[in-house]
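The residues making up each chain are set out below.
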Amino acid sequence: MFLSMNWISDFVDLSGLDKVKLINQFSLSTAEVENEIFFKGSEVSGIVVAEIKSVLDHPESKKLHLLKVDAGEDELTDVVCGAPNVRVGMKTAFAKVGAKIGEITIAPRKLAGYTSNGMCCSEAEIGISDDNSGIMEITDDVKNGTDLKDIYEIDDIVFEVDNKSLTNRPDLWGHYGIAREFAALAGRELKPLETDNLSLYDELPKVDMKIEDTLCQRYACLRFENITRNVSPVNMRIRLFYCGMRAINFLADLTNYLMLEMGQPMHAFDSRKVENIRVKRFPEPFTFETLDGVERKIDENTLMICNGDTPVAIAGIMGGLDSEIVEDTTSLTLESATFDAASIRKSTVRLAHRTDASMRYEKSLDPEMCVTAIGRFVYLLKEYDKGVTVISALTDSYPVKYDDIKLSFDKAFVDKYTGIEISSDTIVKTLTSLGFGVKLDGDVFTVDVPSWRATKDVTIKADIIEEITRIYGYDNFAINTTRSPLYPVRMDAVKCDEEKIKDILVKRYNLHELHSYVWAYYDEQKALGIEVEDNIKLSGATNPNIETIRKSMIPTQLCQVKSNVGYAPEFGIFEVGRVVEGVGSDNLCIERKKLAITLYSKTCDVKSLYFKLRDILATITDDLKHKALGFKPTEAKHSYEHPVNLNTILLDDEAVGTIGIVHPVVGKKIDKKANIVFAELDMESFGGKASAGITYSEPSKFPPMTYDLSLELAPGKFFADLCKCWMNEGKGILRGTKIVDTYDTDTIHSITIRFEFSSNERTLSSAEVQEIMDKVIENLSKIGVNLRG
Amino acid sequence: MDDKILNLKQKLKNELDGIQSLVDLDKVRVAYLGKKGSVTDLLKGMKELTNEERKEFGKKVNELKQNVAKSIEDKTAELKELEIKAEIEAMPQFDITTPADLTRGSYHPITLVQRQCETIFKSMGFTVEDYAEVVTDYECFESVNIPKHHPARDMQDTYYLENGQLLKSQTSAAQNAILRKYGKNLKENGVPIKAIFPGRCFRNEATDATHENTFFQMEGVMVDKDISISNLIYFMKTMLSEVFRKDIKVRLRPGFFPFVEPGFELDINCLICGGEGCPSCGHGGWLELCPCGMIHPEVLREGGIDPEEYTGFAFGLGLTRLAMMKYGIKDIRDLNSGSLKALSQFTDDE
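Chains as they are written, first to last, in my numbering: chain A, 1 to 789; chain B, 1001 to 1350.
These are calculated hints, taken from the structure and not from any lab test.
Among the clues, some could well be false.
[What the hints assert, rightly or not] Under the rule of at most 30 angstroms between Cα atoms (straight-line distance), these lysine-lysine pairs were calculated in the DSSO-like manner: (1) A:416 to B:1249; (2) A:495 to A:625; (3) A:164 to B:1080.
[Said to hold, decoys possible] Computed footprint of chain A on chain B, listed as stretches where at least three residues anywhere in the stretch have a Cβ under 8 angstroms from a Cβ of chain A: (4) 1012 to 1021; (5) 1036 to 1050; (6) 1110 to 1123; (7) 1128 to 1134; (8) 1282 to 1289; (9) 1334 to 1341.
[Unchecked claim] Computed from the model, here is a short list of chain A residues facing chain B with C-beta under 8 angstroms: (10) 23; (11) 27; (12) 28; (13) 286; (14) 460; (15) 489; (16) 536; (17) 583; (18) 585.
Cβ atoms here follow ideal geometry from the backbone N, Cα and C, with glycine treated the same way.
Construct the complete structure from the given sequences, taking the supplied hints into account.
Below, the structure is given as structure tokens:
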């Protein structure tokens, strides 16, 4: 919203003050002002009123005319002018020699053989409207030679307030409300609005008007006739233009002017079309043509202004084409109303049509303003068009009123909230300047909230704190740390694990952390042959790529791998993110936090890659939990899983994740020449497991002994099975085992296991080691595992 | 006999001169000093000598033995020295100025920025909370004073799910749960609530270089007796100075957010121009950085905390925006692109 300092100055005397500084202060205390401030008229000087005394056609040019103009000097001035609207007796804006328009300084200049000693200007050239159709026509009775700036408000400071920052301030949608803020900031007085005395018309007949719907809070109207003026006064047009509106005609301009001045939208109907005004909704949908010529669908929730049963306007949004003022309109009905803000907002959304009026209504306007606005309208109307006659009494229906708000608090409350000392005197002065009624009794303030702040904006004590502090100025606050007792701070276990895991993956295994979206990548997955599994969806989604919430992060990562093929012959990616595994019986999503890892390699064989990933997981677990992981083969359930080597990851015998190889169909689509393995870990299950901690074992002073066994393993026999054969046989001296060799042919899979024995008390004898090993070998043969032949 | 000794000496000298390796030298040592060596052989001829002569001869042989040993020892040292010298000479000079192999992993830039913020707040005694991405309408809106049909809901186009839940549009969705989680300890033991909660947020909007439907925020709250606006400004200024590692000027402007009252927009002086005004701050010298304010009494009440007794502040920080500012990322979409070319650059940020 653009604001004019001239307009604001109508209501508060800001003379002698630095306006730009005030605007800055307004930005810090009230609402955000855009960075660029416009100094209107600063680029124009030396333009005077001049009268055209004679007009001759240029002998060679069809467009040009040779004028003699009276610019208030002793002699007439010769001017060559190309405007179509020149005529003798017309007064216009004239840039004399030496005048400045932007970068140009006017100098005598030859035009098609004739010297022009100045230039007649259009309004657009002076910058006071966008009318460039001809030179400016001045109808006011002013002396030739008068500087245009002496009679018109060409010089102005205009600034723009970010509409979003006015969301909660219905009172700031017009200049008068803004002026109140400037008055408070500058410590000057706000002048009352000059209005017409509407009670003078009480004897006249009322308008037949009835509110039939609770969505209309107040409806006031007045009829008048005999409007003769068509073009608005220059200053009014300049203000409208500076504030971003085009002048249309006097009546339309005046309703717009009122809206910009008071924030109250108004509408003028042709009285013939609104003989019986009814405000209501219709049970059945229908189409309605608004004054912009658009057919709009009206449903049963949209409030309408009607003439009897015929709709004539969409309440608070836009008038209808049918009831618009036309050539032969003589009598006008002026509407000034307040409607339910939420209803207007919803209608705006449904109609996809936001207007200057609806923008204001949806902020919860003050209904008290309706009648004042009519008073102001009539005042201005009469001032600019003396012959206007009011032909009805003010007709006002006000069924829905806001409650008066009275708030009470003490000085200690203000001190506690602000943390600084603001004197009672300052508090009273600030609130009073903003229109609040304030009583101070001892330490207790009682505050009456003015109607224009009481529609939703100021309802509680904390709101008053804002009023006091924003005018006091946040820049003036002393800043202080808190005085709070100290207590230990405990971090969330899952969160701690997450951070440590990231470090291990990045620092030790050179993996890359990526982020992704929470929904399945429909197109990309389809291209890779990865089914988008059915899961909860976004409601009303229109794009399948932003629709289904993912159940697992692995499909996402496979898509990411695909898009990074070519980055390097080998890389690994990971993400700690969230998935939804379904909807529970309570109808709430089962959301889980997961760690997903995918390794890609063109250089590494699938077995090594798979074991690399296994080792990464084992390292994480050993680091964070000092525990070993278990694995259990599981059946593939998803299109991207290779059915062989898919394992459930176990920690403390509980499933915490999955590790596997990518299904060849998917793998080939990603990269025919690469191997890809993946794992997903449930962070909540994993993080919930306690750490076993470090158990220190003192290094033995006695020599250790080792014993190697070479075993032949049939398919389906796992190392974990073998472990059970010595798990309980160690007699406290078997300190560990490791695989020192593997030997594979087409038919035989064999491994050599080294058993390490040591004691902290004595040197071991080969006999006692042999005794243990005999038992182990016996156990092994029981499960069908024999020594290699 | 003496001739034999002399000859032997001469022979050894000649042989040693020709020797180039320690292996050959060892052979010489064995040939002279071994059990069957030349020097040992000399002693075998002693039987024919008289006692006197034998004594004399033995002495000479011993001298010879020592001489031989000494010569071999010297030669050994000489050879070892040569060998080291050869080894040194054999070492080629490497070109250390070639580009280093920097193959290593990377963090997501959000992780780096988030960790910095978390570290700062942890050092001031704040807990770091984690929260769900799918939340209820109550968590995201109702509990933080945004009732149904409130215009504030227009400000954020929310992703609703089929079951009526939604993808959280703001980290404030965690506020109620956090007030409840720590409220008991506040009321019973006087332990102030100090928590930050970073998290991913979602808004239904078209994406372009500056708009994303998925982004990160970090919200913080502090609740205690007598928490004031003055405290809020202190914490914001301190945090931002730590984040940017320089003294940051901040200013507050009134801002409307339903969950705070009074609410503020916090600006910092432009990091590029220092407040003079430049293209990146729209010539205003200030950058709008984070909304904050005093927690709305209704929000406290809804969290089970009496607003007459306790006050608190809350703030929201756009982690995504912060990361973009910090690293000069111009296109917000890079962050979720999954592109290693873009994201593998964030190896660490210490």
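### Task
Closer than 8 angstroms between Cβ atoms is the bar; does residue 536 of chain A clear it against chain B? Give me holds or violated.
6 angstroms, holds
### Task
Please verify that hint: residue 585 of chain A, Cβ, nearest Cβ of chain B, below 8 angstroms or not.
12 angstroms, violated
### Query
How about the region 1128 to 1134 of chain B: do at least three of its residues have a C-beta closer than 8 angstroms to a C-beta of chain A?
It holds, with 6 qualifying residues against the three required.
### Task
Would you check whether residue 286 of chain A satisfies its interface hint, that is, whether its CB is within less than 8 angstroms of any CB in chain B?
Nearest chain B Cβ about 25 angstroms off; hint violated.
### Message
Is the listed coverage of the region 1282 to 1289 of chain B by chain A valid when you require three or more residues with a beta carbon under 8 angstroms from a beta carbon of that chain?
### Response
The restraint on the region 1282 to 1289 of chain B holds, since 3 of its residues have a Cβ under 8 angstroms from chain A and three suffice.
### Query
Are the Cα atoms of residue 164 of chain A and residue 1080 of chain B separated by 30 angstroms or less?
86 angstroms, violated
### Task
Answer holds if the nearest beta-carbon of chain B is closer than 8 angstroms to that of residue 583 of chain A; otherwise answer violated.
6 angstroms, holds
#### Entry: Hint check, residue 23 of chain A versus chain B [nearest Cβ-Cβ separation less than 8 angstroms]
Given a least distance of 12 angstroms, the restraint on residue 23 of chain A is violated.
### Query
Given as covered by chain A, does the region 1036 to 1050 of chain B meet the bar of three residues or more with CB within less than 8 angstroms?
violated (count 0)
### Task
Below or equal to 30 angstroms on CA atoms is what counts here, so check residue 416 of chain A against residue 1249 of chain B.
25 angstroms, holds
### Task
Check whether three or more residues of the region 1012 to 1021 of chain B sit with their beta carbon closer than 8 angstroms to a beta carbon of chain A.
violated (count 0)
### Message
Quick check on the hint: residue 28 of chain A CB to chain B CB, less than 8 angstroms?
### Response
It holds, given that the least Cβ distance between residue 28 of chain A and chain B is near 5 angstroms, below 8 angstroms.
In summary, the numbered hints that this structure violates are 3, 4, 5, 10, 13 and 18.
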